[in-house]
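**Student:** The whole structure should be built from the sequences, with the hints applied where relevant.
Numbering follows the working numbering, in which position 151 of the sequence shown is assigned residue number 151; successive positions increment by one, without gaps.
Derived by calculation from the structure, the hints in this document are not laboratory data.
In this text, all values refer to a predicted model and were calculated from it rather than measured experimentally.
Beta carbons are placed, not taken as given, at the ideal position from N, Cα and C, and that holds for glycine.
Any given hint could be a false lead.
[Stated by the list, open to error] Using 30 Å as the maximum straight-line C-alpha spacing, the simulated DSSO-like pairs for lysine-lysine come out as follows: (1) K242 x K139; (2) K139 x K88; (3) K273 x K242; (4) K105 x K88; (5) K148 x K242; (6) K262 x K273; (7) K242 x K174; (8) K262 x K242; (9) K227 x K273.
[Said to hold, decoys possible] Okay, the calculated beta carbon distance ranges per label pair: (10) L231 x I168: 17 to 25 Å; (11) M318 x E221: 53 to 61 Å; (12) S171 x S29: 26 to 34 Å; (13) G107 x L193: 36 to 44 Å; (14) G92 x D157: 49 to 57 Å; (15) S156 x G107: 33 to 41 Å; (16) A267 x I329: 53 to 61 Å; (17) G92 x L193: 39 to 47 Å; (18) L147 x E206: 55 to 63 Å.
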Amino acid sequence: MKQHLPSTSASTPRSKLDPFMEARLLLASIVESSDDAIVSKNLDGIVTSWNRAAERIFGYTADEIIGKSILTLIPEDLQWQEEQILAKLRAGERIDHFETQRRHKSGGLIDVSLTISPVRDDNGRVIGASKVARDIGDKRAADEARLKLAAIVESSDDAIVSKDLDGIITSWNKGAERIFGYTAEEIIGRSVLTIIPPELHHEEPEILRNLRAGNRIEHYETRRMTKDGQLIDVSLTISPIKDPTGRIIGVSKIARNISDIKRAQEALIQSEKLAATGRMAATIAHEINNPLEAVTNLAYLLVTDPSLNDKARHYAQMLLNEVSRASDITRQTLAFYRDTTGPR
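**Tutor:** Here's what the structure looks like:
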């Protein structure tokens with residue numbers, strides 16, 4: 001049957017209780033109101049007491065579980081643990097924060113942290129054990145989620161960095177090491193200004209001002225400096241880090257090296273400029289080609305005019321040569337612009 005706490009009758013004032021009994025009542029009240037499962041068993045592993053938190057965590061009422069083996073709660077593949085636990089308890093040892101799994105009445109597994117202590121009689125002989133079991137399922141899930149996030153951060157190709165509100169770097173992933181050249185040991189504890197070119201140091205106070213106001217900065221393009229002094233183009237996404245109360249305690253930065261993209265963009269812009277220049281040159285060449293042909297014809301007529309003296313004919317020939325050369329340049333310009341088979 002379920003063990004009941006000692007009670008007092010209405011006719012027995014609390015002030016007249018035996019101090020020892022009052023202390024026991026207080027302890028019993030603490031056990032019953034605990035959020036952790038507090039269970040006792042004898043050295044044969046038979047459950048002898050069971051508080052309300054144990055009922056909530058494991059699903060069994062006190063009437064259902066008291067008198068049954070503690071193995072009722074232990075998954076089959078972990079029942080070997082019980083013999084080791086009992087051996088330690090018989091030797092008078094205490095077991096602290098032992099993380100394992102136990103089975104709920106419904107059959108589901110629960111992650112628990114156990115603290116197990118020997119129970120002694122008045123002569124100091126170990127006669128049983130008390131267990132405090134804390135459900136750490138949420139904690140285990142949170143730990144696993146944090147580990148997954150840490151693995152994602154560590155394996156990212158982008159630099160993922162955190163700093164405090166004084167601009168001191170507090171974390172540094174492998175991507176940051178690859179992009180900036182500093183190892184975590186070299187850079188953590190140093191100012192983030194280490195990787196900011198001197199002429200851009202003015203950016204940092206403005207960034208911190210925005211973050212203290214709770215603002216997020218996305219895809220901010222700027223330049224940063226590697227360990228060997230090389231300047232690289234980066235795109236930054238900067239977010240505030242908040243504690244559980246919502247207070248901003250730091251900053252996280254994701255930096256992507258966009259130097260190759262910038263070079264490709266600059267090459268494209270240069271190519272477009274050259275194409276525009278080519279179009280303009282072709283238009284000019286086309287416009288001046290017709291007048292040049294007329295001048296060429298007139299120069300030819302002068303050269304072949306029999307009425308000219310030798311000096312005038314010589315000048316006319318020079319004019320024809322230069323006009324022909326200018327005409328050839330315009331034809332080449334037009335041919336270069338219109339040619340789509342390949343560069344010349």
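**Student:** Hints first: check each against the structure and report whether it holds.
**Tutor:** Taking the hints in turn, this is what the structure says about them:
{"no.": "1", "hint": "K242 x K139", "in the structure": "20 Å, holds"}
{"no.": "2", "hint": "K139 x K88", "in the structure": "27 Å, holds"}
{"no.": "3", "hint": "K273 x K242", "in the structure": "48 Å, violated"}
{"no.": "4", "hint": "K105 x K88", "in the structure": "27 Å, holds"}
{"no.": "5", "hint": "K148 x K242", "in the structure": "20 Å, holds"}
{"no.": "6", "hint": "K262 x K273", "in the structure": "16 Å, holds"}
{"no.": "7", "hint": "K242 x K174", "in the structure": "24 Å, holds"}
{"no.": "8", "hint": "K262 x K242", "in the structure": "34 Å, violated"}
{"no.": "9", "hint": "K227 x K273", "in the structure": "35 Å, violated"}
{"no.": "10", "hint": "L231 x I168: 17 to 25 Å", "in the structure": "23 Å, holds"}
{"no.": "11", "hint": "M318 x E221: 53 to 61 Å", "in the structure": "57 Å, holds"}
{"no.": "12", "hint": "S171 x S29: 26 to 34 Å", "in the structure": "46 Å, violated"}
{"no.": "13", "hint": "G107 x L193: 36 to 44 Å", "in the structure": "58 Å, violated"}
{"no.": "14", "hint": "G92 x D157: 49 to 57 Å", "in the structure": "56 Å, holds"}
{"no.": "15", "hint": "S156 x G107: 33 to 41 Å", "in the structure": "40 Å, holds"}
{"no.": "16", "hint": "A267 x I329: 53 to 61 Å", "in the structure": "28 Å, violated"}
{"no.": "17", "hint": "G92 x L193: 39 to 47 Å", "in the structure": "59 Å, violated"}
{"no.": "18", "hint": "L147 x E206: 55 to 63 Å", "in the structure": "35 Å, violated"}
In terms of the numbered hints stated before, the structure departs from hints 3, 8, 9, 12, 13, 16, 17 and 18, listed from lowest to highest.
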